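Here is how the chains run, residue by residue.
There are 2 protein chains.
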Amino acid sequence: MKEYVIGIDIGGTFTKYGFVDREGNIFGEGSSPTDIYDKVEDYLENLVKELKGGEKSLEGEYKIVGVGIGAPNGNFYNGTIEDAPNLKWKGIIPFARMVQKYYDAPVRLTNDANAAALGEKVYGGGQGIDNFIMITLGTGLGSGIIVNGDLVYGHDGFAGEIGHTNAVENGRQCGCGNRGCLETYVSAPGIKRTVFELLAHDSRGSDLANYSYNEMDSEMIYNAAKKDDPIALEAFEITGRTLGRKLADSVAHTSPKAIFLFGGLAKSGDYILKPTKKYLEEYVMGPFKNKVEIKPSQLMDKNVAVLGSSSLIWKDMA
Amino acid sequence: MKEYVIGIDIGGTFTKYGFVDREGNIFGEGSSPTDIYDKVEDYLENLVKELKGGEKSLEGEYKIVGVGIGAPNGNFYNGTIEDAPNLKWKGIIPFARMVQKYYDAPVRLTNDANAAALGEKVYGGGQGIDNFIMITLGTGLGSGIIVNGDLVYGHDGFAGEIGHTNAVENGRQCGCGNRGCLETYVSAPGIKRTVFELLAHDSRGSDLANYSYNEMDSEMIYNAAKKDDPIALEAFEITGRTLGRKLADSVAHTSPKAIFLFGGLAKSGDYILKPTKKYLEEYVMGPFKNKVEIKPSQLMDKNVAVLGSSSLIWKDMA
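Sequence order for the protein chains is A and B.
Each residue of the first sequence is one higher than the last, beginning at 64 in our numbering.
Each residue of the second sequence is one higher than the last, beginning at 64 in our numbering.
Among the hints, erroneous ones may be present.
Computed footprint of chain A on chain B; a stretch qualifies when at least three of its residues, placed anywhere within it, have a C-beta under 8 Å from a C-beta of chain A [what the hints assert, rightly or not]: (1) 112 to 122; (2) 132 to 146; (3) 150 to 164; (4) 230 to 241; (5) 302 to 316.
Here are the computed distance ranges between Cβ atoms for each label pair [stated by the list, open to error]: (6) A/Asp167 / B/Glu356: 40 to 48 Å; (7) A/Tyr140 / B/Ser120: 23 to 31 Å; (8) B/Glu108 / A/Glu344: 34 to 42 Å.
Heads up, simulated EDC-like pairs for lysine to aspartate or glutamate below, C-alpha to C-alpha not over 16 Å straight-line [unchecked claim]: (9) B/Lys352 / A/Asp364; (10) B/Lys352 / A/Asp167; (11) B/Lys164 / B/Asp213; (12) A/Lys352 / B/Asp364; (13) B/Lys378 / B/Asp213; (14) A/Lys115 / A/Glu92; (15) B/Lys320 / A/Asp219; (16) A/Lys352 / B/Asp146; (17) B/Lys354 / A/Glu124; (18) A/Lys65 / A/Glu124; (19) A/Lys65 / A/Asp146; (20) A/Lys289 / A/Glu300; (21) A/Lys164 / A/Asp105; (22) B/Lys112 / B/Glu92; (23) A/Lys320 / B/Glu92; (24) A/Lys126 / A/Asp167; (25) B/Lys115 / B/Glu92; (26) B/Lys79 / B/Asp291; (27) A/Lys352 / B/Asp213; (28) A/Lys151 / A/Asp101; (29) A/Lys354 / B/Glu356; (30) B/Lys352 / A/Asp219; (31) A/Lys365 / A/Glu86.
If you are wondering where the hints come from, they were derived from the structure by calculation, not from laboratory data.
Here the structure is a predicted model, which means the values were calculated and not measured.
Don't be surprised by glycine CBs; every beta carbon is placed ideally from N, CA and C.
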């Protein structure tokens with residue numbers, strides 16, 4: 064009988080899911096809205112309905128052997144989602160326990176970026192690497208840190224928040240309540256904020272001057288960079304510089320062999336990778352120089368968090 | 064037959080050693096100069112002579128069951144000391160292998176701050192804590208990071224260099240070659256540099272204005288603070304602020320339950336602890352607030368690095 068793990072990746076806008084076999088093939092992939100539900104119970108009821116529908120696409124005899132979930136502010140130890148800034152459901156939500164009611168199989172939950180790191184470890188570029196860092200660049204900057212072959216959860220289950228290290232004293236306002244967090248500079252909204260600062264300070268012409276703040280997205284900035292737009296190019300340089308300087312700190316902490324970048328901004332390729340590498344090398348301490356590889360995730364076009372969530376279950380069934 | 068591990072802590076000026084039993088009692092403690100030897104071979108020959116002398120103080124029948132060494136830029140994986148800025152011996156020194164010639168027992172080597180972290184874990188405040196950080200404040204700022212109960216060595220054996228994270232862009236010149244490293248602000252010389260900046264910028268009177276740069280040490284600054292000297296008090300505030308702000312980054316990486324401070328500056332008690340706590344709480348991300356304990360090492364008056372070095376051996380003989 065074929066065995067599947069349900070992998071679920073809860074994002075602020077959409078929830079993605081799939082049925083993952085032991086080899087990392089995803090079947091019955093789907094997507095369900097997250098932010099239209101004011102109550103988590105209603106959200107879950109709809110999600111389970113969609114999952115049961117998705118199951119119908121699975122062929123032959125099969126068994127669901129577990130459910131793995133990646134969620135913002137997900138706590139591995141308790142299976143809870145705790146005060147996630149970009150979800151509507153506040154407080155401490157015992158999400159894994161709620162899902163458990165629907166499935167007679169183990170349910171595990173972790174932070175979404177941790178799930179992505181696990182996906183990279185089991186199915187991507189992190190295979191065979193015992194020390195690496197995964198950076199996910201989207202609406203925010205998520206991170207998962209692998210040390211000695213395992214995810215770093217820390218004392219309370221919340222370790223791996225590189226996006227909320229301080230990049231600039233008294234810097235940009237962050238959704239977490241602090242100022243100057245790395246993700247306010249390095250993320251899709253982060254690079255847009257940098258473009259707007261440059262437009263305000265700079266008198267060079269730019270195609271990007273034609274868009275409102277609400278219209279602009281990071282893909283427009285990437286497209287402008289490809290046409291050698293000076294503001295777009297400088298925004299990428301500044302973004303990579305900020306990321307490289309802070310990743311030098313991360314390297315000093317856990318000395319990874321590699322750092323993988325995933326997500327929208329990472330798809331900009333060398334525009335983001337080159338300055339990140341350059342400034343990491345400039346800021347990192349001597350013994351670490353020219354050792355750390357910075358590269359795109361090998362699962363860039365797959366749903367790394369769905370894969371990673373599923374491996375929360377698969378790794379214990381070796 | 065009584066069993067001992069030789070614990071060795073190599074510092075820039077002095078090398079400390081002792082014969083440590085399984086319970087963490089140190090016998091035959093001694094100290095030997097480090098910096099008078101231009102050649103590491105001569106240094107080691109003298110050290111072994113002293114150790115053989117020290118053995119004579121051990122009573123009854125005994126056996127040396129291993130040698131544990133903490134050294135600046137010590138690499139656990141290879142047993143090497145690699146380009147340590149504060150030692151005279153340059154290049155990659157296969158120190159563990161050199162010691163092995165004198166002892167028919169396992170020899171292990173790690174970074175001195177890692178050894179201190181291990182000492183805290185096995186014999187001090189870190190007992191029973193699986194995630195904590197040890198900060199040693201001396202001539203530099205050393206750190207050892209414990210994750211999931213084990214030391215973080217990283218890909219190359221050099222992890223745990225929080226002293227060389229970037230505290231100030233284009234900041235003070237560091238011995239490592241970079242600028243703005245945390246240890247140039249938070250260490251015995253670091254707080255002295257801050258006092259000299261304050262004396263230059265400030266017109267309030269201070270006892271500290273009577274000392275040359277070469278005369279002043281951190282104990283004088285501590286003594287002045289106890290007399291409410293405004294420059295000394297502000298220097299401690301600034302030092303704790305810089306440390307607290309950067310430790311907030313460390314917490315975001317590995318989410319420790321506690322951070323232990325060891326060494327000369329840490330002996331200044333609340334003068335350093337209070338601002339460190341205050342600014343860590345200010346800068347740290349919401350989910351980590353009011354969770355992390357910052358406290359002095361419980362082995363403050365003992366040689367934590369000698370104990371820790373010995374536990375490199377003892378922990379494998381459980």
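Verification of the hints:
Look at the segment 112 to 122 of chain B against chain A: 0 of its residues bring a Cβ nearer than 8 Å to a Cβ of that chain, fewer than three, so the hint is violated. Check on the segment 132 to 146 of chain B: 3 of its residues sit with their Cβ under 8 Å from a Cβ of chain A, so the three-residue criterion for coverage holds. Under a criterion of three residues with beta carbons nearer than 8 Å to beta carbons of chain A, the stated coverage of the segment 150 to 164 of chain B fails, only 0 such residues being counted. Taking a C-beta to C-beta cut-off of 8 Å, the segment 230 to 241 of chain B contributes 4 residues in contact with chain A, enough for the three needed, and the coverage statement holds.
Judged by the Cβ-Cβ criterion of 8 Å, the segment 302 to 316 of chain B is covered by chain A as claimed, because 6 of its residues qualify and three suffice. The given range of 40 to 48 Å is respected by aspartate 167 of chain A and glutamate 356 of chain B, whose C-beta atoms sit roughly 41 Å from each other. For tyrosine 140 of chain A and serine 120 of chain B, the hinted distance range of 23 to 31 Å is not satisfied, since their beta carbons lie about 48 Å from each other. The hinted range of 34 to 42 Å is satisfied by glutamate 108 of chain B and glutamate 344 of chain A, whose Cβ atoms lie roughly 40 Å apart.
Restraint check for lysine 352 of chain B and aspartate 364 of chain A: the C-alpha separation of about 36 Å exceeds 16 Å, so the hint is violated. A threshold of 16 Å between alpha carbons decides the hint, and for lysine 352 of chain B with aspartate 167 of chain A the separation of about 36 Å lies outside it, so the pair is violated. With a C-alpha separation of about 29 Å, the suggested pairing of lysine 164 of chain B with aspartate 213 of chain B is violated against the 16 Å cut-off. Restraint check for lysine 352 of chain A and aspartate 364 of chain B: the C-alpha separation of about 36 Å exceeds 16 Å, so the hint is violated.
Between the alpha carbons of lysine 378 of chain B and aspartate 213 of chain B the distance comes to roughly 11 Å, so the proposed pair stays at or under 16 Å and holds. A C-alpha spacing of about 12 Å is found between lysine 115 of chain A and glutamate 92 of chain A, which places the hinted pair at or below 16 Å, so the restraint holds. Our distance criterion of 16 Å between C-alpha atoms is met by lysine 320 of chain B and aspartate 219 of chain A, whose separation comes to about 8 Å. Simply put, lysine 352 of chain A and aspartate 146 of chain B have alpha-carbon atoms about 13 Å apart, close enough for the 16 Å limit, and the pair holds.
Straight-line distance between C-alpha atoms of lysine 354 of chain B and glutamate 124 of chain A comes to about 48 Å, which puts the hinted pair past the 16 Å bound. Proximity of lysine 65 of chain A to glutamate 124 of chain A is assessed by CA-CA distance (about 6 Å); at most 16 Å being required, the pair is judged to hold. Our distance criterion of 16 Å between C-alpha atoms is broken by lysine 65 of chain A and aspartate 146 of chain A, whose separation comes to about 37 Å. At most 16 Å may separate the alpha-carbon atoms for a hinted pair to count; lysine 289 of chain A and glutamate 300 of chain A meet this at roughly 13 Å.
Distance restraint check for lysine 164 of chain A and aspartate 105 of chain A: the Cα-Cα separation of roughly 14 Å lies within the 16 Å cut-off, and the hinted pair is therefore satisfied. In summary, the hint linking lysine 112 of chain B to glutamate 92 of chain B is supported, as the alpha carbons are separated by about 14 Å, within the 16 Å threshold. Under the criterion of a C-alpha separation no larger than 16 Å, the hint pairing lysine 320 of chain A with glutamate 92 of chain B is inconsistent with the structure, at around 39 Å. For the hint pairing lysine 126 of chain A with aspartate 167 of chain A, the CA-to-CA distance comes to about 11 Å; that is within 16 Å, so the pair holds.
With a C-alpha separation of about 12 Å, the suggested pairing of lysine 115 of chain B with glutamate 92 of chain B holds against the 16 Å cut-off. Simply put, lysine 79 of chain B and aspartate 291 of chain B have alpha-carbon atoms about 35 Å apart, too far for the 16 Å limit, and the pair is violated. With a C-alpha separation of about 25 Å, the suggested pair lysine 352 of chain A and aspartate 213 of chain B falls outside the 16 Å cut-off, and the hint is violated. As the CA atoms of lysine 151 of chain A and aspartate 101 of chain A are separated by approximately 6 Å, the hinted pair is consistent with the 16 Å bound.
A distance of roughly 34 Å separates the Cα atoms of lysine 354 of chain A and glutamate 356 of chain B; the hinted pair therefore is violated under the 16 Å criterion. Note on lysine 352 of chain B and aspartate 219 of chain A: the hinted pairing holds, with a Cα-Cα distance of about 12 Å set against a maximum of 16 Å. For a cut-off of 16 Å, the pair hint linking lysine 365 of chain A to glutamate 86 of chain A stands: about 14 Å separates their Cα positions.
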